[in-house]
Amino acid sequence: MALEAIRGMSMENVILPMMMLWRREMVRFYRDKGRVFGALVPPLIFWFLIGSGLGESFHLPGAPAGVNYLQYFFSGTVILVLLFTAIFSTISVIEDRREGFLQSVLVAPVARWVVVKGKLLGSTTLAFLQGALFLVLAPAVGLNFDFSVILAILPILAVLAFGLSALGFCLAWALDSTQGFHSVMNVFLIPLWLLSGALFPASGAHPWVRWVMSLNPLSYGLAALQGSLLGLDTGPGGPSYALCFSVVFGFAILSFLAAVYTARERRR
Amino acid sequence: MEHDAAVSVNNLNFIYPRGQRPVLRGLSFKIEQGEVFGLLGPNGSGKTTLFRLITTLLRPSRGEISVFGIEAADCPACVRAKIGVVFQYPALDKKLTVMENMKAQGHLYGISGRVLAKRIDSLLDIFNLKERGREMAENLSGGLRRRLEIAKGLLHRPRLLVMDEPSTGLDPAARLDMWRYLRELVKEFRTTVVLTTHLMEEAEQCGRLAILSEGSLVALGRPEDLRSHVGGDVIRVKGLNLGDLRVKIQNQFGNNVRLVDDNLIIERRQAHELISQLAQAFPDQIESVTLAKPTLEDVFMHFTGRSFQRRDPNGA
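Chains A and B, in that order, are what the protein sequence lines are. Taking our numbering, I'd label the letters of the first sequence as residues 1 to 268. Taking our numbering, I'd label the letters of the second sequence as residues 1001 to 1316.
So that you can see chain B by itself, here it is in the shape it has in the complex:
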């Protein structure tokens, strides 16, 4: 059991019953135990579908997902007993109090009595919800609801916590809190955490990332390793007649230049040297030039040739 990957995805394909095209195409990767693993992709890249497949809410059209060595399609209930799930829209009963929501969750997992009371007590303490125990879930702020949702997800001490866009609706302070807690969780209990996100800051916090675009896996690795794929620094040029400028730069300097969303993007080492040369060569056409260390957005652009912000046409 110990050597099994927390999640193993093998040639996973998914197409919705009346869907036009596949939402996921041939994904394969492994998430090791004790990792904080991010599924990064723009809206429509298929990450929420992948979340629903890992949490057994959907079944693969083709291929397999196993969780701690258990094939999800064979025994969804076995998988469910091992995972805690945090939904993007918190799965709370708004007409119940914080305490009642926690109790209901305990009963779903067959926990009751003193054991349940003790666990609820300690989780509400950790998530700073103790004073709110008697409040209706509908009266909680977005941040508090999210905290309650995470606390709920941890009640049965899952070995794997799966979260869909966990920062939705959290202010920066609450985000930091959440991350601090997640790290403690991994350190103390070796809980594996898998989360979907479209936020670069959040992806940076993950130990490893799978970058998805249009249902395919485009890159996999630690954030710093992914960034090192980008050749050196990133120069962004804004200006007039970019198509023409692109060809000129390529011809004159031999760099690979990409046109993405009104920017010319050049990846290269020693980029500062090129900047002064560019400014001298095309003083009339260039409006601005910026130089930056590569971000995960640049990584996405590097692998897909597309900007991260633009919505994938895939839907879902």
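Just chain A, same shape as in the assembly:
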């Protein structure tokens, strides 16, 4: 694949189609107001209801005094926004491939990795922008942060958005129906998020949960966000920022390769 990628690289058959696919995601999103709502509002409601409900009674082990649940849950909600946006924009692949626009992409002389990359860049941009938009709410719950925190958070958001889009793409490509996607979302993607530390920290959990959480790449994205936003150096007894970023980055690369592999040209 790498060889093919280098040999065939040119403005005409790489950049043009890739940018077209990226732009298409932007335009479609802009025209589909329901998706803006669908990706931002449900996480906002979860955050507000769960966060307020547990607000006073929750104590985070190992956290500095005064971190309430709305503050703790904030980072997890940002990740949920990324997850929802990435999923909403990749789910279209299912129908698009059989009776839609993607058919004509697949019979065009464009390498598959270009198609995957264009689609993922679009989806990443959308997820990243919405996640970043959500950050604006942080001061409302007393999470004040300066420029250095933003500098730490945005790269994590971007790389995580790409990884989640690629993961969504793999699932959407492999499935025949949007119904199938919904069940995968419920039994795989949502638990992946639940077991990232979004709702509860690893330190108080059952050993097997802790073990799963330590393998979950989302945990590292979350730890980086919490570490930065809650003013903890490394998150609650968690990994360093450098480790977090490396894991998230590795996750993004692996998911992208998996997406390219899933969508590869099949010989006979």
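Take these hints with a grain of salt, some might be off.
Said to hold, decoys possible - Estimated spans, in silico, between C-beta atoms of each pair: (1) 33/A to 1173/B: 33 to 39 Å; (2) 33/A to 1133/B: 20 to 26 Å; (3) 151/A to 1013/B: 57 to 63 Å; (4) 1220/B to 182/A: 43 to 49 Å; (5) 1094/B to 52/A: 36 to 42 Å; (6) 44/A to 1078/B: 49 to 55 Å; (7) 33/A to 1125/B: 31 to 37 Å; (8) 1018/B to 139/A: 52 to 58 Å; (9) 33/A to 1171/B: 32 to 38 Å; (10) 155/A to 1030/B: 54 to 60 Å; (11) 19/A to 1220/B: 40 to 46 Å.
As the list claims (entries may be wrong) - Straight line, CA to CA, 25 Å or less: simulated SDA-like cross-link-like pairs of lysine to any residue: (12) 1118/B to 11/A; (13) 1095/B to 96/A; (14) 1103/B to 49/A; (15) 1095/B to 97/A; (16) 1293/B to 1270/B; (17) 1082/B to 1126/B; (18) 1094/B to 95/A; (19) 1118/B to 13/A; (20) 33/A to 1132/B.
What the hints assert, rightly or not - Derived contacts from chain B toward chain A, CB cut-off under 7 Å, selection only: (21) 1080; (22) 1089; (23) 1095; (24) 1104; (25) 1108; (26) 1110; (27) 1113; (28) 1128.
Hints are computed from structural coordinates only; laboratory data are not their basis. Ideal Cβ placement from N, Cα and C applies to all residues, glycine included.
Model the placement of chain B on the given structure of chain A, informed by the hints.
Leaving out everything else, chain B in the frame of chain A:
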């Protein structure tokens, strides 16, 4: 390059990965450059699978397909650069405008800037879509969507245009328009056109036809030549107790009589003479007799012994 067939199919077999039986069995034929070639068959005959194989969306299980001398399995991208594809369910982005759909298509084929703008302009003009440029594809009627799909397929000036059931959703006037345009295309640019169809009227428009049934090629040739295979005219008899009547007619007149879907079918020359004899011989059993020049449906029946309308049991 010039002497290569537009499409050459050699002992082509296809079976879906978890399929029970082959969808295509040992097809071999050639489509010459500049032809309008029809793949005619009932639903389930395998023609859409063949369409997907020619357009490189599927790979043969066995055998080869080459397009302008390029083996499709060896270099799908090389084949793709040479073909324009028109899907049965138009491959449009409904949330984009007509213009945006055309531009997206251009960018897929590495065409941009002024060249692209000029080509889009002339194609929208030809297909009468110019005033619709800013409209969303989802607001277009079925006929307009199809026209846009064809215009899209021609944007990169392919030497071969492959269409899956192109008349789906077109009213008769739009069909005529489409055919007029296809003929111009062949005349002016020597574009080769391959289309799948299950409609006899459409098949009649093709220069040559391959008739498919249950994944096999049953006949190949010009529509008029295929019709001449049918022995003369076609008599259809409806009546009571057809099985019994069939045997009686065969015994008395020595014709080959076929029972297909509540009709007795007799192919023969000078058929009008037989009609009066039949009416005299079996006045009580015969309800109606019709006489007609053979149609492509009769050709299909002639070669397969089955009615065209009945669905092939093959699926897909």
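Each hint tested on the structure:
no. : hint                        : verdict
1   : 33/A to 1173/B: 33 to 39 Å  : holds (37 Å)
2   : 33/A to 1133/B: 20 to 26 Å  : holds (24 Å)
3   : 151/A to 1013/B: 57 to 63 Å : holds (59 Å)
4   : 1220/B to 182/A: 43 to 49 Å : holds (47 Å)
5   : 1094/B to 52/A: 36 to 42 Å  : holds (40 Å)
6   : 44/A to 1078/B: 49 to 55 Å  : holds (50 Å)
7   : 33/A to 1125/B: 31 to 37 Å  : holds (34 Å)
8   : 1018/B to 139/A: 52 to 58 Å : holds (56 Å)
9   : 33/A to 1171/B: 32 to 38 Å  : holds (34 Å)
10  : 155/A to 1030/B: 54 to 60 Å : holds (57 Å)
11  : 19/A to 1220/B: 40 to 46 Å  : holds (45 Å)
12  : 1118/B to 11/A              : holds (20 Å)
13  : 1095/B to 96/A              : holds (12 Å)
14  : 1103/B to 49/A              : violated (45 Å)
15  : 1095/B to 97/A              : holds (16 Å)
16  : 1293/B to 1270/B            : holds (11 Å)
17  : 1082/B to 1126/B            : holds (22 Å)
18  : 1094/B to 95/A              : holds (12 Å)
19  : 1118/B to 13/A              : holds (20 Å)
20  : 33/A to 1132/B              : holds (24 Å)
21  : 1080                        : holds (4 Å)
22  : 1089                        : holds (4 Å)
23  : 1095                        : holds (5 Å)
24  : 1104                        : holds (5 Å)
25  : 1108                        : holds (4 Å)
26  : 1110                        : holds (3 Å)
27  : 1113                        : violated (10 Å)
28  : 1128                        : violated (21 Å)
The structure does not agree with the numbered hints 14, 27 and 28 stated previously, though it agrees with the rest.
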